[in-house]
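Colleague: Below, each chain spelled out in residue letters.
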Amino acid sequence: MQIILFNNVSLSMERELTLAELLVQQGYEENGFAVAVNQTFVPRSTYASVCIREGDKVDVIVPMQGG
Amino acid sequence: MTPEETQRYSRHFSLPHLGVAGQKRLKRSKILCIGAGGLGSPALHYLCAAGVGTLGIIDHDRVELSNLQRQILYNVKDIGQLKTLAAKSRLLKQNPNIDIIAHPEKLTEKNALSIIQDYDIVLDGTDNFNARYLINDACCVLGKPNIYAGVFQFSGECSVFMPNNGPCYRCLYDTPPSISPNCSEAGVLGVVPGIMGTIQATEALKLALGQCSSLVGKVLRFNALNLTFETFTLSANPDCPLCSNGQSFYDLSHHHSQELCTMTSLNNDASTSTIEYITPQALKTLMEQNSDFILLDVREPEEYEECNLAGLLIPLRELNLRHHELDKEKSIIVHCRMDGRSLQAAEFLCQIGFPTVKYLKGGIVAWAQEIGDMPNISIPL
Numbered sequence: 001m002q003i004i005l006f007n008n009v010s011l012s013m014e015r016e017l018t019l020a021e022l023l024v025q026q027g028y029e030e031n032g033f034a035v036a037v038n039q040t041f042v043p044r045s046t047y048a049s050v051c052i053r054e055g056d057k058v059d060v061i062v063p064m065q066g067g
Numbered sequence: 068m069t070p071e072e073t074q075r076y077s078r079h080f081s082l083p084h085l086g087v088a089g090q091k092r093l094k095r096s097k098i099l100c101i102g103a104g105g106l107g108s109p110a111l112h113y114l115c116a117a118g119v120g121t122l123g124i125i126d127h128d129r130v131e132l133s134n135l136q137r138q139i140l141y142n143v144k145d146i147g148q149l150k151t152l153a154a155k156s157r158l159l160k161q162n163p164n165i166d167i168i169a170h171p172e173k174l175t176e177k178n179a180l181s182i183i184q185d186y187d188i189v190l191d192g193t194d195n196f197n198a199r200y201l202i203n204d205a206c207c208v209l210g211k212p213n214i215y216a217g218v219f220q221f222s223g224e225c226s227v228f229m230p231n232n233g234p235c236y237r238c239l240y241d242t243p244p245s246i247s248p249n250c251s252e253a254g255v256l257g258v259v260p261g262i263m264g265t266i267q268a269t270e271a272l273k274l275a276l277g278q279c280s281s282l283v284g285k286v287l288r289f290n291a292l293n294l295t296f297e298t299f300t301l302s303a304n305p306d307c308p309l310c311s312n313g314q315s316f317y318d319l320s321h322h323h324s325q326e327l328c329t330m331t332s333l334n335n336d337a338s339t340s341t342i343e344y345i346t347p348q349a350l351k352t353l354m355e356q357n358s359d360f361i362l363l364d365v366r367e368p369e370e371y372e373e374c375n376l377a378g379l380l381i382p383l384r385e386l387n388l389r390h391h392e393l394d395k396e397k398s399i400i401v402h403c404r405m406d407g408r409s410l411q412a413a414e415f416l417c418q419i420g421f422p423t424v425k426y427l428k429g430g431i432v433a434w435a436q437e438i439g440d441m442p443n444i445s446i447p448l
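Listed in order, the protein sequences are those of chains A and B.
Per the numbering used here, residue 1 is the first one in the first sequence, and the count goes up by one each step.
Per the numbering used here, residue 68 is the first one in the second sequence, and the count goes up by one each step.
Looking at chain A on its own, in the form it has when it is part of the complex:
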């Protein structure tokens, strides 16, 4: 079991996942958001190659348009 923090909620994964796999698993399939792993934004083109491991913090950031 791998425990990560996904959007500030603890989440168990059965195995290491790529960021792309994790996002699909969590229902984020469209565009229109950014993702930070351990407080650093990750370009969309690398989602399939970034590996999410035990202890990682993953935040899906949705833009705020209000002003």
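Calculated from the structure, these hints are not laboratory results.
Be a bit skeptical, because a hint or two may be false.
Take a look, some chain A residues computed to stay more than 12 Å from chain B by CB distance [to be verified]: (1) ILE4; (2) ARG15; (3) GLN39; (4) GLU54.
Here are the simulated lysine to aspartate or glutamate pairs, DMTMM-like style, with alpha carbons at most 20 Å apart [what the hints assert, rightly or not]: (5) LYS285/B / ASP59/A; (6) LYS428/B / GLU343/B; (7) LYS144/B / GLU131/B; (8) LYS57/A / GLU71/B; (9) LYS395/B / GLU373/B.
Cβ atoms here follow ideal geometry from the backbone N, Cα and C, with glycine treated the same way.
Following the hints, position chain B against chain A.
Modeller: Here is chain B on its own, set in the frame of chain A:
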């Protein structure tokens, strides 16, 4: 500085990085606030109070009663008035020593470059994605710092985008979400834009004073419910159409399309351009008559060394930062090797207000074929 100003700004004078010299710097600064709503209200108040010499305000809305819950620039008597004019009147009562320029119009791809180019720093206090992408692209084209903030319910975020020196809004959000509620739909706690707008003003003052912004390459996210500030690191995205290979477009023509946020290819197609051209023969005649114009060569220095028409060399990729070297009073003829770069340069110069800009049709290649005579040539084309 007048005795009144000396007294007014006395609390600034003993501050490191500020003092009398810093205060004079603020007075010379020109800051544009796009959107005079929840974010713009506190930002404008503090920038005005701090003595920023020129404040521009662009907004096409009128004050509504539901604005007063957070837009602290306005009061009941302003309802129905244009926000820009109500804001100007209020701010001048706070500090009559500064210039306030009201732009009571909507920011569009047609007016963005000409308005923004007159300012040193831009604050994005708008309330929709189209405007945010437009401001980002215009600031990248013009090389202006863009201090961005957005709010949603109890949360806010802020970043500073410095063209040519850090990521931009498109590096952060490559596309907008298909559905995203704005403040009128989702609601917002009034103090949240108050806090975020004040942070925008803080960063604007630091930049105006020549200090670094703490939010370049960073995104600050605020949550009012648990009172947390979180900082994220953002690098230029290798896939960003603006930042990936230097600047890949020089005008805002992609904003003509219905999907304003989506990048499409830039307009460098001579068949659809409205820019006038001049033939090599006509250029030769102008040169022989010693006409008063600037011949602008937008190729790279290596190309210029090989052969040139003794024009002023400003490579296209530097034009957004170096267009001040050109005299606006004079007519400008742009050329490159053929037509591609000169058309982009000409469209850019037209958009930022150069009255007479033409391009050399066929570029230096056509000149070599039709005229042949090339005074400064070391390697044949």
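Colleague: If a hint holds in the structure, say so; if it does not, say that too.
Modeller: Cross-check of the supplied hints:
Chain B leaves ILE4/A outside its interface by the beta-carbon criterion, the shortest separation being 17 Å against a cut-off of 12 Å. At the 12 Å boundary, the C-beta of ARG15/A stays outside the reach of chain B, the nearest C-beta of that chain being 27 Å off. Residue-level check failed: GLN39/A sits 5 Å from the nearest beta carbon of chain B, not beyond 12 Å. The beta carbon of GLU54/A sits about 21 Å from the closest Cβ of chain B, which is more than 12 Å, so the claim that it is off the interface holds.
In summary, the hint linking LYS285/B to ASP59/A is supported, as the alpha carbons are separated by about 15 Å, within the 20 Å threshold. Restraint check for LYS428/B and GLU343/B: the C-alpha separation of about 9 Å stays at or below 20 Å, so the hint holds. Pair hint LYS144/B plus GLU131/B holds up; C-alpha atoms about 10 Å apart against a cutoff of 20 Å. For the proposed pair LYS57/A and GLU71/B, the alpha carbon gap of about 53 Å is over 20 Å, so the pair is violated.
A threshold of 20 Å between alpha carbons decides the hint, and for LYS395/B with GLU373/B the separation of about 29 Å lies outside it, so the pair is violated.
When each numbered hint is compared with the structure, violations occur for hints 3, 8 and 9.
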